[in-house]
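There are 2 protein chains.
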Amino acid sequence: MRAECKLGTLGKHFLLDLKDCSSGLLDDIDFIKEVLISVAKEAGTAVLGVSFHRFQPQGVSGAVLITGAHLCVHTWPEYGYAAIDIFTHGDSFRPDEAARLIVEKLESKNPAIVELKRGF
Amino acid sequence: MRAECKLGTLGKHFLLDLKDCSSGLLDDIDFIKEVLISVAKEAGTAVLGVSFHRFQPQGVSGAVLITGAHLCVHTWPEYGYAAIDIFTHGDSFRPDEAARLIVEKLESKNPAIVELKRGF
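Going down the list, the protein sequences come from chains L and R. Counting in numbering that gives the first Met the number 0, the first sequence runs from 0 upward without gaps. Counting in numbering that gives the first Met the number 0, the second sequence runs from 0 upward without gaps.
Please keep in mind that the hints were generated in silico from the structure rather than gathered at the bench. Hints may contain errors.
Copies of one chain are not kept apart here, so a pair can be met inside one copy or by any two copies together.
Said to hold, decoys possible - Here are the simulated lysine-lysine pairs, DSSO-like style, with alpha carbons at most 27 angstroms apart: (1) Lys40 <-> Lys104; (2) Lys11 <-> Lys32; (3) Lys11 <-> Lys116; (4) Lys104 <-> Lys32; (5) Lys18 <-> Lys40; (6) Lys108 <-> Lys18; (7) Lys18 <-> Lys116; (8) Lys108 <-> Lys11; (9) Lys104 <-> Lys11.
For reference, chain L alone in the conformation it holds in the complex (with noise of 0.2 angstroms):
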């Protein structure tokens, strides 16, 4: 058997986006970037690099690549909103728990979340 044969899915793709959140927190870059890295360091995963930045007059985007999955963000807090990005390939990594963990530290009240498989 060839090996494209076995595995379907290589990555669990997860689209957060997360509407009515708290606009202080979403224009935090402090904040938001504490909240990707607990939540990978939740997962036991260890961290592989960190970018982050805070737009004028307001915004954060930010990408933080831990073993085996990202985490990315972009947030619009005049509209109470980020649009969030898990990726996970491998088992160290549980995106729905993550996901749980971010709606909830965000204070969403209107999460909207899809999932995705990525691979063949």
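Got chain L; can you put chain R on it based on the hints?
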């Protein structure tokens, strides 16, 4: 009119599932990094942060945070497969052109590209 009513789409998200790529290229962290950074620069955007990692025995993961966008990549050289994400907000970055360039550079003979709208 409240701000929320003006914009339905805040971000464009392109999901690239690239099959039948050159396995050698997918395992070359310097090449993969160069591809993503060059695509970002060709779009005329500023690179805000870069994180890349090569796994043993194979595979590369990376994230490039740029003004108004992010690019993320995970490669499986053993399957000739790469999962790439292009997320853009604002007009400084053309995700369709970036997708075209990445498919070409990774020599994917079987690319699948899905465009999603992010926001409300």
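Comparing the hints with the structure gives:
no.	hint	in the structure
1	Lys40 <-> Lys104	within (15 angstroms within a copy, 34 angstroms between copies)
2	Lys11 <-> Lys32	both (22 angstroms within a copy, 22 angstroms between copies)
3	Lys11 <-> Lys116	both (5 angstroms within a copy, 19 angstroms between copies)
4	Lys104 <-> Lys32	within (12 angstroms within a copy, 32 angstroms between copies)
5	Lys18 <-> Lys40	within (25 angstroms within a copy, 32 angstroms between copies)
6	Lys108 <-> Lys18	within (7 angstroms within a copy, 38 angstroms between copies)
7	Lys18 <-> Lys116	both (23 angstroms within a copy, 15 angstroms between copies)
8	Lys108 <-> Lys11	both (24 angstroms within a copy, 23 angstroms between copies)
9	Lys104 <-> Lys11	both (22 angstroms within a copy, 25 angstroms between copies)
When the structure is compared with the earlier hints, no violation turns up for any of them.
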